[in-house]
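Undergrad: What follows is the residue order along each chain.
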Amino acid sequence: MTEMTYRDALRKALYDAMTEDPSVILLGEEVGRYGGAYGVTKDLIKEFGAERVIDTPISEPAIVGAAVGAAMTGLRPVAELMYVDFIGMTMDQLGNQAAKIRYMFGGQIGVPMVLRTQGGTGRSAGAQHSQSLEALVMHTPGLRLAMPATVEDAYHLLRQSLRRPDPVVFIEHKALYTMKADVDLDAEPLPWGKAAVRRHGKDIVIVTYSRQLHYALKAADQLAKRGIEATVIDLRTLNPLDFDTIREHVQAVGRCMVVSEGVLTSGVAAELAARITEECFDYLEDPVVRVAGEDIPISVSATLEAGSVPNANLIENVAGRMVA
Amino acid sequence: MTSPATNSQLYDFYAGMRRVRTFEERVGELFVRGHSAGSMLHLSIGEESAAIGVCSAMKPQDTFTTHHRGHGIFLARGAEPARMMAEIGGKEAGYCHGKGGSMHIADMSLGHLGANAIVGGGIPAVVGAGLSAKIKKTGGVSVAFFGDGAMQQGILYESMNMAALWDLPVLFVCINNQYGMGTRIDQATRNTNLHERALAFGLEGRSVDGIDVEVVAEAARELMDQARAGRPGFLAVSCYRFYGHARKDKSPYRDPAEEEAGRLRDPVAHARAQLVSAGVVPEAQLDTLDAEIAAEMDATIDFTVAQSEPPLASMFRDVYAPEEPEPEPLRTRLDRVLARE
Amino acid sequence: MTMLTLTMPRLGETMEEGIVTNWLVAPGQAFKRGDPLVEIETDKTLVEFPALGDGTMLEPLVTSDTKVAVGEPIARITPANLADWAESSLPEETTAEAPPAGVVEESAPSPVATPVFAEADGPIRATPVARRLARNAGIDLRSIPGTGRRSRIERGDVETAIAGGNATRREPGKTGEGTVLLIHGFAGDGRAWLRLASLLQRDGLAVHTPDLPGHGRSTVMATNVPDLVTDMVSFAATLSGELHIAGHSLGGAVAAQLAAELGDRVGSLTLLAPAGIGREIATPFVEGMANLQTSGELELLLPYLGAQGGKLSTAALSEMASELGRGRLKALASALAGPLGQRISIHRTLATLAENIPVRVIFGVDDRVIPASQAMGLPANVAVHYIANAGHMPQWDETETVANLIKRGVLHHD
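Chains as they are written, first to last, in our numbering: chain A, 1 to 324; chain B, 325 to 665; chain C, 666 to 1079.
Read the hints as simulated data drawn from the structure, not as lab findings.
Heads up, the beta-carbon is just placed ideally off N, CA and C, and yes, glycines get one too.
Treat each hint with caution, since some may be false.
[Unchecked claim] Facing chain A, from chain C, some residues (calculated, C-beta under 8 Å):
| # | residue |
| --- | --- |
| 1 | Val794 |
| 2 | Arg815 |
| 3 | Glu819 |
| 4 | Arg856 |
| 5 | Gly869 |
| 6 | Pro891 |
| 7 | Thr895 |
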């Protein structure tokens, strides 16, 4: 077992992938000399040179578009968007190009690229640097979407993303980079596209991903002290979505809450709640409840920022009231 | 040969730049004292001549947008430092009630159409504001302030093209502090003669050295006059970012020798030396001025520390217009869903 | 000290007004959370409104039989903890304050839902899983009372209904709180425990309500009390862990003997109006039930059970009469009582049991089948509780009181 941070695990995944496969390149703002805005690509330029670790101008659409072209012509690019908030600037390249090329051209070619980025609240970074925009990606057929919550998954999901035949948007959480864990990266990882059941309980199922997993697990600990046992499912990838695992547990338990940091309306939790209601209807004791971000922008004030997104207390409170 | 009138202007420029410099130093102090909202504080130390010089050519009817490093520009346009500092502290008393923070301070009544955290995000708005000034015949010019990083954003070129095509009263001001975050300008573009790009679109284009605030002011006055007459322009002000990209960045990617040399290119010290060497303003008077400014800026910290956080319920305010209903809080919705009776 | 004005609660989606029929707490009297404060009649039901927290009654603001609109004041109280009452009062001196960041206020505990039947022609409020279970079991949802959110029929409610036979309801939520086995009385069946079982389950207990041989859906016959005990011993073998046993009337005698058989597995014993502790019993009732042919006869016998007995619907009467009309109980009736009264005794059994586990006996003061005074002859180590305004079915007349007493046994609060 080795102790490492989420950031270390991501860096190791890039390092190992680049060592194994010379076609893997990194490109993005500050990925080289600076080492990444959050330090994920630190010193990789020293290991692999400026030809494979490419500092780009601040030109987000061209970064993503260049990755698309590189992927179509035999490279394995990892493009980086410093903040997921900038994804809107790249949505043409991502949504109209990367996502549709295989389909539009009748399956002749794929776009095996990874777009690494990070999102979420927790650093008082304000309205344009704190969003959770995974729903935009999930709403675009053709894009895969991975959102690691743990140190192991930071490594394995990134490695697996780099072996996928189609474009993968890989969204990290800015509040997790310094999270540490003892990990054995040689152990067999869960397969790509499989959700992890992080805790088993018979009273309520909490479906979540990314940082909210940790709030859900903390809430589950608190609930256990009150005699309420929660199953906590970490989706790991939102596309592909492991609905079989969700169905199995929701049908066995009969109560389900979906937790997401993104805004409530038309968000990931909304899609999951709808699907659970459709497919598990006859097993439900309660409506599927969404616990998600408020339908508002994020403030720079730490108070307002924290109040805008779910936390362990809210999850515990809602789960307690559902089971009561 | 320096005329008394010129000396008086330089004194004012010096005072303005000193206020910006001292304010930015206090922003750093606010962070160290744990009262800033977050650490994404981008200081404009070393760039004061761009703010003071360009803004000296602006009139009350003019509008402007700024980037993430815009404290100095806003101060130069008449912002209250205490309300700015309170906003940087995420306090209710700040210009945006703690919702915007350092990267989004604005006061529409001063013509400030907003500070932006998206590189290049505020540039196209001046095209619209220029269109507005032209149609409404306000006589105003709209000025976009941005950094050299934004020179590689496509939106700048779409905007410059429209401004030229429609003969808009618009000025694009690139504050070239040599670095987009950790990337030096020559690592981001092959042609560093930035104004040449504007010429290609049919704009007036100039590049000036920001060491001398009067040179910046003169160039700005000429370009603003032309813009006001419907000939949009572009001005690149060359300067040096004294510190890292944001408060926590120690800029290890820069050569210490380069930094040392860069910090000698100090427009505030340059103006002070000019004033003293001209012999019109005694050095003691400048010391007094500096002390008064220091006291003014110290007070912004005391003010900010004493202010309260915005109330939690205020987070639902201003998502939509005040006459519209606020978004329903999640907890209200959950209470309804989970009600037992 | 904070004063609080209680308002007329909304006890159903459509309720706009209610009648305060009876104050259950006098001015100056202290009450505990869960104690009934007032009886309220709506167009649909008569319910007791429980205290949401500890406190003291200052003064009722309306007299009995007064009609009050929802939300209008009905009483002033002094609460021990204001927060408990957030949902049903007009606080006199609080302002709405947003919680600090990251902190979510726990909402006031909801009053225990009173089971509510769906209206004959109105919509049925039932959870999807309850609908599926009822559909599969061929049960009409209108015959099941809902105990869930907004009186929804939940899975547990349907399972309880299905468990009229020896089926047992799946424990609904929390674990580790205990398992309760409820044994019904002569001529009854597991459904007699419906409301009580719901309350206990809501508190996290696993509850089992089997039908005794010769009763309800049981296909086993019994001619004497040992037959009943043997059957319950084998039923108990299907359950795991510590058992808390409660029995009513004849079921009380069965429960005591079952507890003696099971020994260490039993955590507590609660007997409601038990048979076997004295001779006297209303023989006309026992024989009448064993031999009845029509629902008319049944209707005449039910007042023996107390006030609630007379409130059974025509449909329920007819179903019960047809079940009893099969005559399965004749032999058992003569084993239970003869011309001189009761023929069984559990005196010694109770004395021995009470040395090891909490044993309590509950009587409704107005019991017309077995006189409450018989409890005076019980061994000194058996706790006796008399309940006013209750008859032979205290679990119907004072459900919450009985539930609380059973829970005290489970929690060993003696």
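Undergrad: Compare the structure with each hint and give your call.
TA: The hints, checked one at a time:
1. For C/Val794, the interface hint holds, the least distance from its beta-carbon to any beta-carbon of chain A being 5 Å, beneath 8 Å.
2. Hint on C/Arg815 is violated. Least Cβ distance to chain A is approximately 11 Å, over the 8 Å limit.
3. For C/Glu819, the interface hint holds, the least distance from its beta-carbon to any beta-carbon of chain A being 6 Å, beneath 8 Å.
4. Proximity of C/Arg856 to chain A is violated relative to the hint, the smallest CB-CB distance being about 22 Å (cut-off 8 Å).
5. A least Cβ separation of about 6 Å between C/Gly869 and chain A falls short of the 8 Å threshold, and the interface hint therefore holds.
6. Proximity of C/Pro891 to chain A is violated relative to the hint, the smallest CB-CB distance being about 38 Å (cut-off 8 Å).
7. Annotation: C/Thr895 was flagged as interfacial toward chain A, and the flag is violated, the nearest CB pair being 33 Å apart, outside 8 Å.
Hint violations for this structure: numbers 2, 4, 6 and 7, all remaining hints satisfied.
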